[in-house]
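Given these sequences and hints, build the entire structure.
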Amino acid sequence: MVEESRESIAASLDVRPSEVIFTSGGTEADNLAIKGIFWARQSLDSNLNRVLASAIEHHAVLDPVEWLERHEGADVKWLDVDAWGRVDLAVVRQALATPGVALCSVMWANNEVGTIQDVATIAGLCADAGVPFHTDAVQAFGQIPLDLNLPGLAAVSLSGHKIGGPMGVGALIARRDLQMTPLAHGGGQEREVRSGTLDVPAIAGFAEAVRLGVIEREKHAAALETLRNSLIARVTELVPGATLSGDPTDRLPNNAHFTFAGCEGDALLMLLDAAGIHVSTGSACTSGVPEPSHVLLAMGVSEATARGSLRFSLGRTSTQSDIDRLAEVLPAVVERAGRAGVLSLARSTGS
Amino acid sequence: MRVVAALSGGVDSAVAAARLIDAGHDVVGVHLALAREAAVGGPGSRGCCSIEDSRDARRVADVLGIPYFVWDMSERFMEDVIDDFVAEYAAGRTPNPCVRCNERIKFAAVLERAQALGFDAVGTGHYARIETGARGAELHRSVDPEKDQSYVLAVINADQLAGALFPLGDSHKDEVRAEAKERGLLVADKPDSHDICFIPTGDTAAFLRKRLGPAEADIVDAESGEVLGHTDVAYALTIGQRRGLDLRRPALDGQPRYVVDVDLSTARVQVGPRSALAVTELVGDHVRWCGPVEDGEVHGHVQVRAHGEPVPATAVVRGDDVEVLMSEPIFGVAAGQTLVMYSGTRAVLSATIKLTAHD
Chain A
5 MVEESRESIA ASLDVRPSEV IFTSGGTEAD NLAIKGIFWA RQSLDSNLNR
55 VLASAIEHHA VLDPVEWLER HEGADVKWLD VDAWGRVDLA VVRQALATPG
105 VALCSVMWAN NEVGTIQDVA TIAGLCADAG VPFHTDAVQA FGQIPLDLNL
155 PGLAAVSLSG HKIGGPMGVG ALIARRDLQM TPLAHGGGQE REVRSGTLDV
205 PAIAGFAEAV RLGVIEREKH AAALETLRNS LIARVTELVP GATLSGDPTD
255 RLPNNAHFTF AGCEGDALLM LLDAAGIHVS TGSACTSGVP EPSHVLLAMG
305 VSEATARGSL RFSLGRTSTQ SDIDRLAEVL PAVVERAGRA GVLSLARSTG
355 S
Chain B
38 MRVVAALSGG VDSAVAAARL IDAGHDVVGV HLALAREAAV GGPGSRGCCS
88 IEDSRDARRV ADVLGIPYFV WDMSERFMED VIDDFVAEYA AGRTPNPCVR
138 CNERIKFAAV LERAQALGFD AVGTGHYARI ETGARGAELH RSVDPEKDQS
188 YVLAVINADQ LAGALFPLGD SHKDEVRAEA KERGLLVADK PDSHDICFIP
238 TGDTAAFLRK RLGPAEADIV DAESGEVLGH TDVAYALTIG QRRGLDLRRP
288 ALDGQPRYVV DVDLSTARVQ VGPRSALAVT ELVGDHVRWC GPVEDGEVHG
338 HVQVRAHGEP VPATAVVRGD DVEVLMSEPI FGVAAGQTLV MYSGTRAVLS
388 ATIKLTAHD
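Chains as they are written, first to last, in the numbering used here: chain A, 5 to 355; chain B, 38 to 396.
Note that these hints are calculated values from the structure, not bench results.
If the Cβ cut is set under 10 Å, some of the chain A residues that face chain B in the computed set are:
1) Asp270
2) Glu295
3) Arg340
4) Ala341
Here are a few chain B residues that face chain A, going by a calculated C-beta distance under 10 Å:
5) Val107
6) Trp108
7) Asp109
8) Arg150
9) Ala151
Think of the CB as a built atom: it goes at the ideal place given N, C-alpha and C, for glycine as much as any other residue.
Written out as structure tokens, the structure is:
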């Protein structure tokens, strides 16, 4: 069953079955790629200690990179992004020109603002420099076409639940010649780099989700894009203080992300929730303390503005009437949150 | 009413929220994130918004079937409570951070925000009662004298009181625990929090030393002037303190010695017998009426610490100051402490102590 699933996934993604390494999800896939490649490169040549990663990575990449910096002596270069969240290719070229680069990681599409990166060019630059390139494609997979055979692409992280599959399963698609040091040691079930008994039912479900995701992607993406464009148009028209974040066109079809000047995201979230509309302020940490998004800050958004951000994610069950309902309640919600936002930031005047 | 139930992750706020729902209110659970970095303490750690507490608060909201949100009040808490706490100690006063938190955060920032978002009130698990008298809302002691928290709430004014709900004021703690268990709330047997929430180790001196650096001072006998010891955190010593002085020689009469004066400007801490701590008059500023304003003198009892004994007293308000005369002495009162005047069970006013005297 596991091998059939592996073959099915490989066929759907046009890669070889041996290149599919099952993991417990996107986070483990990212950790395996970042630490596994770094350690393998280090054992090859201890001078290879530079890690290049975009400043807008998901925490599943951000945190292992920071961990390598703190504990393993990695010299980290965060790759700058522009105001739309696109990695600056000139910065990538420059960074790759310095010696000692162990690996480079740039996510395919951003989970918060939806911006799609020029992965083909970055992978090509890495190939020219002889540097393994990893991309976290957890958000992009199922939304946009992915060519996993791009020259220079060494490893790609995928997650089951983001494509309608089971939670707790994912994969790292890793080129056959890519050397990685295992994170956890044991039975070596997955190509000797990933140990642990595999979750067979989850893997079977994951394989089916991948198969359907590839077949149906185009149809669903087109529908989502129409809805998303309608949402962006309505919000921009109805709320003067709303600014779309990220690339206006080269973005995930299911994502619309805004900042609302003078509002706090969690106030908007609360008021929309009361109106039956479920959105997200970004990514929450373990204790749920809303931190200003590192993605928005990297894009040059001020901390105050970053606090007033909301992400609208659309899914297969979203309809035009959902957009209409949002348009109906949003202006009053933003107005009310604006008042609370000002109050909450105001200093108390007591002695 | 639309009510924000402040959920700390403890048993009291959980039962308070449940009672607000039972009372027919439209309740939303809000956990206040007060520390920037969530404390990941060991077992028994009771730091503010530890990961355990926020998860417990979320589970309470789940079990009660109410929406749950986290409000980031960490900046305000840092400025209004923690920085204030440190500044007060640095100035030689002894603050109560729980009082400050109620005054500036829970019934100010949180209440204002809730009202701006369309809520009518904030409900908490405090042990105190709000009674409506002829002239409006009054703050009264809890029926459970062991748990009574009216002292730390007496800094909120009539308007704030009007937006507050304390559903536990008529209950004893053991009843609340039993009710939590009955309702299936897993926090039912969670231990009470006692320490200052942002100093989970309980070591205030170490916390202050980290923020303020060393402050060397001699510890001298108040009568003879003899140097008996030394401290490197003079600001952390409080009038009435006996423990942790590490004095080299016992007193001749064998009686314990207490801090009777801390003078940071001359780097001298004086110690003396308990009798030197007796105080019969207090002057406070920053007067707050927690409910209706009274004319003339207030006769009743004064209390100067959260679980201190109330002492018969008369208070006279003059402008922003209040003078309190006690008919019997109280011991170990430091500037910066909050005084609360009670009339029967009613907390009438509070003030920050700035001077003490013995007639």
